[in-house]
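Q: Protein chains in written order, with this note's numbering: chain A, 62 to 617; chain B, 62 to 617.
Source of the hints: derived by calculation from the structure; they are not laboratory data. Here the structure is a predicted model, which is why all the values come from computation and not from measurement. Some hints could be false.
If several chains are the same, the list does not tell them apart, and a pair holds so long as it fits within one copy or across any two.
Said to hold, decoys possible - Here are the simulated SDA-like cross-link-like pairs (lysine to any residue), alpha carbons at most 25 Å apart as the crow flies:
{"hint": "1", "residue 1": "Lys94", "residue 2": "Val342"}
{"hint": "2", "residue 1": "Lys539", "residue 2": "Phe65"}
{"hint": "3", "residue 1": "Lys471", "residue 2": "His113"}
{"hint": "4", "residue 1": "Lys471", "residue 2": "Thr422"}
{"hint": "5", "residue 1": "Lys539", "residue 2": "Glu293"}
{"hint": "6", "residue 1": "Lys94", "residue 2": "Asn611"}
{"hint": "7", "residue 1": "Lys120", "residue 2": "Gln607"}
{"hint": "8", "residue 1": "Lys539", "residue 2": "Ala289"}
{"hint": "9", "residue 1": "Lys94", "residue 2": "Asn212"}
{"hint": "10", "residue 1": "Lys120", "residue 2": "Pro250"}
{"hint": "11", "residue 1": "Lys523", "residue 2": "Val431"}
{"hint": "12", "residue 1": "Lys309", "residue 2": "Ile441"}
There are 2 protein chains.
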Amino acid sequence: MVEFSEQRLGSLVSILRRRGIILPAFEIHGGAKGFYDFGPVGGRLHRRVIQHWVSHWLKNGNIVELSCPTVTPFQVLEASGHVGEFSDSMTTCNSCEEASRADLILEDFHPNPDALSMEELQDLLERSQPACPSCGQSDWSSVELQNLMFNTAIGSGKSAKAGFLRPETAQGMFTSFPSIYRHFRERLPFGALQVGKGYRNEIAPRQGMIRLREFNMAELEYFIDPEAPLSEEIDGWSEPVNLIADGKGEESLTFSAALKQGMIRHTTVADFMSKTMTFLVEVGIDANLIRFRQHEADEMAHYARDCWDAEVYGSYGWVECVGIAHRGCYDLEAHENATGQRLRAWRGFSEPRIEQVDGWTIDGAVAGPVFRGDAGSIKIALEKLPADVSFPLEVAIDERMVKVSQEHVKRVQRTESIAGEWYIPHVIEPAFGIDRIIWHILDHAFNDTGKDGEEYSMLRFKAAVAPVDYCVLPLFEKDGMGELALKIHQRLCAEANVVSILDGSGSIGRRYARADEIGVPICITVDHQSVEDGTVTLRQRDDGSQTRINISDLTS
Amino acid sequence: MVEFSEQRLGSLVSILRRRGIILPAFEIHGGAKGFYDFGPVGGRLHRRVIQHWVSHWLKNGNIVELSCPTVTPFQVLEASGHVGEFSDSMTTCNSCEEASRADLILEDFHPNPDALSMEELQDLLERSQPACPSCGQSDWSSVELQNLMFNTAIGSGKSAKAGFLRPETAQGMFTSFPSIYRHFRERLPFGALQVGKGYRNEIAPRQGMIRLREFNMAELEYFIDPEAPLSEEIDGWSEPVNLIADGKGEESLTFSAALKQGMIRHTTVADFMSKTMTFLVEVGIDANLIRFRQHEADEMAHYARDCWDAEVYGSYGWVECVGIAHRGCYDLEAHENATGQRLRAWRGFSEPRIEQVDGWTIDGAVAGPVFRGDAGSIKIALEKLPADVSFPLEVAIDERMVKVSQEHVKRVQRTESIAGEWYIPHVIEPAFGIDRIIWHILDHAFNDTGKDGEEYSMLRFKAAVAPVDYCVLPLFEKDGMGELALKIHQRLCAEANVVSILDGSGSIGRRYARADEIGVPICITVDHQSVEDGTVTLRQRDDGSQTRINISDLTS
Chain A
62 MVEFSEQRLG SLVSILRRRG IILPAFEIHG GAKGFYDFGP VGGRLHRRVI QHWVSHWLKN
122 GNIVELSCPT VTPFQVLEAS GHVGEFSDSM TTCNSCEEAS RADLILEDFH PNPDALSMEE
182 LQDLLERSQP ACPSCGQSDW SSVELQNLMF NTAIGSGKSA KAGFLRPETA QGMFTSFPSI
242 YRHFRERLPF GALQVGKGYR NEIAPRQGMI RLREFNMAEL EYFIDPEAPL SEEIDGWSEP
302 VNLIADGKGE ESLTFSAALK QGMIRHTTVA DFMSKTMTFL VEVGIDANLI RFRQHEADEM
362 AHYARDCWDA EVYGSYGWVE CVGIAHRGCY DLEAHENATG QRLRAWRGFS EPRIEQVDGW
422 TIDGAVAGPV FRGDAGSIKI ALEKLPADVS FPLEVAIDER MVKVSQEHVK RVQRTESIAG
482 EWYIPHVIEP AFGIDRIIWH ILDHAFNDTG KDGEEYSMLR FKAAVAPVDY CVLPLFEKDG
542 MGELALKIHQ RLCAEANVVS ILDGSGSIGR RYARADEIGV PICITVDHQS VEDGTVTLRQ
602 RDDGSQTRIN ISDLTS
Chain B
62 MVEFSEQRLG SLVSILRRRG IILPAFEIHG GAKGFYDFGP VGGRLHRRVI QHWVSHWLKN
122 GNIVELSCPT VTPFQVLEAS GHVGEFSDSM TTCNSCEEAS RADLILEDFH PNPDALSMEE
182 LQDLLERSQP ACPSCGQSDW SSVELQNLMF NTAIGSGKSA KAGFLRPETA QGMFTSFPSI
242 YRHFRERLPF GALQVGKGYR NEIAPRQGMI RLREFNMAEL EYFIDPEAPL SEEIDGWSEP
302 VNLIADGKGE ESLTFSAALK QGMIRHTTVA DFMSKTMTFL VEVGIDANLI RFRQHEADEM
362 AHYARDCWDA EVYGSYGWVE CVGIAHRGCY DLEAHENATG QRLRAWRGFS EPRIEQVDGW
422 TIDGAVAGPV FRGDAGSIKI ALEKLPADVS FPLEVAIDER MVKVSQEHVK RVQRTESIAG
482 EWYIPHVIEP AFGIDRIIWH ILDHAFNDTG KDGEEYSMLR FKAAVAPVDY CVLPLFEKDG
542 MGELALKIHQ RLCAEANVVS ILDGSGSIGR RYARADEIGV PICITVDHQS VEDGTVTLRQ
602 RDDGSQTRIN ISDLTS
């Protein structure tokens, strides 16, 4: 088991920076807090993790990939609730003008400042007078709510419109619902996924890759008919996993057992938790350092039916890396209400339902000329009335009361055969923080226990995500070895999805060490014998074992 | 040869929208000009084109992938020149408040309004009084320069800092130069590429996918030593191509011949033009509808040594899809000047150069106590002086003149052996507009010539980028055919990088037509015989030919 420590974290961060894996962005210009680059080695890791994630979910057979804009008009994020509710408490240091999150600077003075109201935070701030993390003074402005979206303007001049950088990729999938529904020929369940940038203008970012202002997200919105029968089948991870149910202690259970017990409240949620576990382990997260924690009732959004976080343990303690939420019909309904567009699916009844209609409707010939533009709205209002009302009565149209008399209406009595109904699908959403996952892949892969008493570090990546597949090392760059190594390197690079590095300088031991440091699974050494008989030495990163093979057997 | 027409464009756009390939974004909320979604089918096309692009360049063996933030601090884009020079001329309609690009609304009144100064545009606007494209009135505000970057604020409150959404991915590669240089163990040439969002807050977007406010870019920055010997070898496309050299007519030449003639001014530029041609054809652009046009002297940026656009012909005429520019040392030098950080490479001389040094330096013992804090700067200034000056003299230190006497200095005469020197690498940049390329893939793949006298349309994608690989069609969803089709569909989806669709409703002919419309290369039909003997019918999109094969032979 890994021993996480400040010292180990320091070594890891220094290697990530030196070897071009993850680096503070814009560093030559003084940097910008909360922004990171994936460098010459990290860029490939980033692509491979994302590729693996997309393939993992597309295998389901009823999921498609979308790509939507990051700049998003005001009204979309107003409908989703982000304009109103995506905010943190902020206070500004009157001495150095640095903004801080009020709840974070009060952590030493309260067990859970995140749960306090604005007034309580203000009160606690005044009583406890915490020091400014930036200048050390204790002179704070009033606590206020600060929306966390980056804002911008779309267009120029007087016709410019307010917009934001999206705080999540999810909204693009909800606003695309009509197109996805059509694609799947109106048959649920189906899903849409998207990978891309998300933005959160953190008041005071900290903790390296864990709290970024610009991050990589991967989300799946899986639309289901809440009345469709559920299978009990769960795919993926069948071993017991550490689960912390709402308000209870940690238990080791299989996902199936937790579903059967009712701890996990929906088959699809359990199935996605299982598939999430498989994914995390496949990309290199240590299975023993993963737990699933259910949101407690007061932590969960009011509309959610169930919500589990996959948390991963590493240098920063337990960190939420994935959230799997049953969001009910909240999102589609919110956009439906804001736009008046139908975001529903049709549910055909197995047999038509026969319904007796008995009620009222408008008598167009009489009422049309009287009510004119209001006639349509009045008709809708009348048809909602029970059969036993008496006229005249008043109906509410656009906040006005309109009087309707007996002469304007007709009785409706008929038998209707109803083939089905429109309903708002429910959505199950697994949301992955790709940067946090990549961070933990690195944190778990990092091995700095040394070798023969010397300092030695290695990134033990799984082959599926290793940023570099091969390192080709000519023993010397003469007698044809350099040329042969270059030829092998180029042949490897020509293969789809294979990355090779050519390293010709320094002792072989030094070069193995450099390759191990960035986690190259296999080194290929070209020596005098290679030039003569066409064989090379393969050396495995993890156990240092060496075998001699023919160059022609190098790749499949 | 395709006949492009307004009518064909209309049919194509309607299919792209109906079938979920490319759709206006945020449409249920009324839309936002200049923003598009890649839908359930287009999302996969988008990913495949990008994957193909990345693989294409990584094959080179000395190119790495980076991923940098899109939100960029002010000073980075000030250094690059974008704050000062990335702008268009804008005028606003006083009647409807809609902003327009002054040069575009004046197109009918001048052969090339883009080349006019602000004063000339203002003058022409007043004389010609064009109608507002939005409301038809002719009442314009003064013409002003409008910067085209989306701006935002990083952080909150008084400590917020100005930032922009990046107008290109390139700057992240320049600011990462130290990390890339280290990765390649300080050996040039090498390159870094990046694929991601770019932003341009167009004053008045038009032409669908051609002018977007948020777009997908793919750029490669290839760093070279300008003094390194050049090979004459060009990889890739060896057939003649249509080339329009600076100020000349169109000629059909091979890239090699154009390089030998001096028309293309640098081997690497020619090599990248050739590789660009190969890429475009591989993803499905018609080779006969590609030409390369060299920038004329007055069109090219002042620092550029050569610049070629790959233009593609389609429904919007000739459109620039790729730019391949030899940018000299401009970019690294600009960031070096702005930051004081060294963005250089070391060039070792083949033999050390022996130089006779004869000049002056400071006499520390005497001058140190006199000049104190200035002593270091004075030393640097003195060492630049020739041997034949006489003292006293004055040197400029921080805009002050400081008098230096004979007693403060010593003569320096020695022989130095110089091993090499620092230089600013030159950069060759191929920049690809991914959305424009995807647009032309669609435009060239679209075939609406009908079938048997009926309307019929098809997207003839190359297999490498087809968004859906297979369509599995059970003849009926009974007698085991539905189950078998589902099993085949799931087996195909489980393969890496394979996408299958299951389509069970409607006549087989109707379903073939639906599959052809989104360009599925192969349909697999499951019929009664399939259930009995395990064979299925493969039907090819392009020629409609059918063959019967065993299910077990379906995939490799």
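Q: A separate judgement is required for each hint: does it hold in the structure or not?
A: Do the hints match the structure? See the list:
Proximity of Lys94 to Val342 under the C-alpha cut-off of 25 Å is found in neither arrangement, the shortest distances being 30 Å within a copy and 42 Å between copies. Taking the shortest Cα distances, Lys539 and Phe65 never come within 25 Å of each other, neither inside one copy (44 Å) nor across copies (58 Å). For the homomeric pair Lys471 and His113, neither the shortest alpha-carbon distance inside one copy (63 Å) nor that between copies (66 Å) is at most 25 Å. Taking CA atoms no more than 25 Å apart as the test, Lys471 paired with Thr422 passes inside one copy only; the shortest distance there is 6 Å, against 109 Å between copies.
Taking CA atoms no more than 25 Å apart as the test, Lys539 paired with Glu293 passes between copies only; the shortest distance there is 24 Å, against 64 Å inside one copy. For the identical chains of this complex, Lys94 and Asn611 are neighbours neither inside a copy (50 Å) nor across copies (58 Å), given an alpha-carbon limit of 25 Å. In this assembly of identical chains, Lys120 and Gln607 lie within 25 Å of each other by CA distance neither inside one copy nor across copies; the values are 36 Å within and 27 Å between. Proximity of Lys539 and Ala289 under a CA criterion of 25 Å is satisfied inter-copy only: 21 Å between copies versus 70 Å inside one chain copy.
In this assembly of identical chains, Lys94 and Asn212 lie within 25 Å of each other by CA distance both inside one copy and across copies; the values are 18 Å within and 18 Å between. For a Cα distance limit of 25 Å, the shortest separation of Lys120 from Pro250 inside one copy, 15 Å, qualifies, whereas the shortest one across copies, 40 Å, does not. Taking the shortest alpha-carbon separations for Lys523 and Val431, neither the intra-copy value of 76 Å nor the inter-copy value of 63 Å comes in at or below 25 Å. In this assembly of identical chains, the alpha carbons of Lys309 and Ile441 never lie at most 25 Å apart, being 50 Å within a copy and 70 Å across copies at closest.
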